[in-house]
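Peer 1: Listed here are the chains, written in short residue letters.
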Amino acid sequence: MVPLLPDTVAEVSKGLADHEYLADDGLATSIFLALRLQRPLLLEGEAGVGKTEVAKVLARWTGGELVRLQCYEGIDASQAVYEWDYSRQLLHLRAVEASHERVDEDELYSERFLVKRPLLRALAHEGDVPPVLLIDEIDRADDEFEAFLLEILSDWSISVPELGVVRADVPPVVVLTSNRTRDVHDALKRRCLYHWIAHPDFERELAIVRLRAPHVPELLARDVAAAAEALRGLELYKPPGVAETIDWAEALATLGRSRLDEAAVDATLGTILKYREDQERVRAHGVADLVRTAMARGA
Amino acid sequence: MAVAFARVLRRSGVEVPVGATLTFAEALGCVGLSSRAGVYWAARATMVNRPEDIAVFDRAFAVFWDGRAATLDAVELPPEEVIIALDVPDADEAEGTDDDVSADAPVVTLRWSPREVLRQRDFALYTPAEFVEARRLMNDLRLVGAARPSRRRKPSRAHRGAPDLRRTVRRSLRSGGEPVQRAFLATGERNRRLVLLLDVSGSMEPYARAFVRFLHAAVISRSRVEAFALGTRLTRVTRELTSRDPDAAVLAAARRVVDWSGGTRLGEAVKQFNDEWGIRGVARGAVVVIFSDGWDRGEPEVLAEQMARLARVAYRIVWVNPLKASPGYAPLAQGMAAALPYVDEFVEGHSMAALEELTRVIAQ
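Residue numbers (my numbering), protein chains in the order written: chain A, 1 to 299; chain B, 1 to 364.
Just chain A, same shape as in the assembly:
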């Protein structure tokens, strides 16, 4: 019962929803196509809209292992693909020498001393269910690494000079995310399907809050989702993402609120707005006003 080749987009939406992720039609279609066409899926969007979450929920849904590669500047093959376990190699050499045997180089560079990093792990995976490979924040890695990645994503194979070529039996499900700090190279984009995740609308955001924070009273969840929507219209430096909305709802619920009120918003503004200037702007705009708008919208 490997749900890897869904028949319809609806099946994808349902599968993800069963595992606590509410995708809109666009995202569900992209995921559906990525699975059917066995293509990597490149996700871009504002921080906190749930890009990384997509890979996690795919892993939960398909039952594949989640293999995560967090990119950063200067990442190279030894951190992304494989490395040799040098200290063990050295120990082994000493042991061989102590027993007066000859040192065999092939033995030293055998799988026994190989440390598999995420990319190799994802390709060398054995079993029926392919792993979900999450390549997070690809824009942080440098161009050279991207070129290298391109090769892997088109051939589903990596060559380890000392061992030979490792080829995936079943290609992994690949999700790449980017925050757009720079353009991902066109060649890599061409390999991938692309989806821009936007902030959810009110109804969807409400549903997400209800799903992810079930203990939050419904009325409060409505108020919070409406307030988040209103905040996004205020030209803030960092409009709140869904992640912040959920945090905020939980914070207010922890404080024992069942509706939004001015004092509570004022006290918890830091959970949803992370810039001093943004907080000032909202206070200048009027917290009472925000609460009123939210309650009217939520009702």
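Treat the hints as calculated values from the structure; they're not laboratory data.
Take these hints with a grain of salt, some might be off.
[As the list claims (entries may be wrong)] Taking beta-carbon pairs under 7 Å as the criterion, some of the chain B residues facing chain A (in silico): (1) G19; (2) W41; (3) R151; (4) R152; (5) G176; (6) G177; (7) G281.
We put the CB at the ideal spot given by N, CA and C, even for glycine.
Could you slot chain B onto chain A? The hints should help.
Peer 2: Frame of chain A; chain B shown alone:
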């Protein structure tokens, strides 16, 4: 159908590689043709790969699917004056001048003497022929951003620093497993990202056409450069400027910038840069160069606030103000006065010599 739609999309200005059309066709096979939403999302996932194109895509899709005769032709037509301001008619002008600057070999020697004069001359006083000449000089400029330590390490010959275990193990094979010869790694260096913000408002017009060539020279000579045009709003022109042919590149950039020679709202434009690009990562640790005369029709407080934000993430801010070269210049323009406290280097940039000086400042 896939091919037909790809054609519509290309005509509206979205780059669609052939591979994407094939993928789209395949995707249609999966989602079927029955619902508009299915086809729409299949097309968007396979043929669009940056958010800027989504609006154009939506219009094109509406035209194609709904058969609506929408405003497809009105999409991003360059305003008339752009071409006049930028497209220097090389051929005509070159013929008009006495020392006929064509591509013939003997002319090369002739070009040297005017060069020196040209280097010092204010861009605003250039004749079109001199302008053509300046572009050649511009192509010789090599921009190197300030270096900073990289996280990527490289093997070193020195006997200090972090141990390079990989090479040490290799070498110890020679000595029967004893790590006699140890190897080390040294920290590498990388150039900082260079972000160029060009004010394209009316008051900057005499200089903007020279600076846009400078931007082009910068973008094609290095990989980590981002270029933006600041007018009443912000336009990213990095992609347009990547073409090797300077005229084609500058024309493409001018097409993209719809508010060329319009008004200035510097504060708003810098804010837009901060919000959409800068704070998120483009300006972080970067050398940011702003080409502007500092005339701002917006509120100076807005610009001051945005410059403060930018200064908090950027490595250095260089402000290039061509008016600074005029005798008796004082930064009295409201915008300039507001921005100055956050500027690390304030330079002239009004002539080739000044631009050469700028490349030196950037490399510091």
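Peer 1: If a hint holds in the structure, say so; if it does not, say that too.
Peer 2: Here is how each hint holds up against the structure:
1. G19: 6 Å, holds
2. W41: 4 Å, holds
3. R151: 3 Å, holds
4. R152: 4 Å, holds
5. G176: 6 Å, holds
6. G177: 3 Å, holds
7. G281: 3 Å, holds
In this structure, none of the earlier numbered hints is contradicted; all agree with it.
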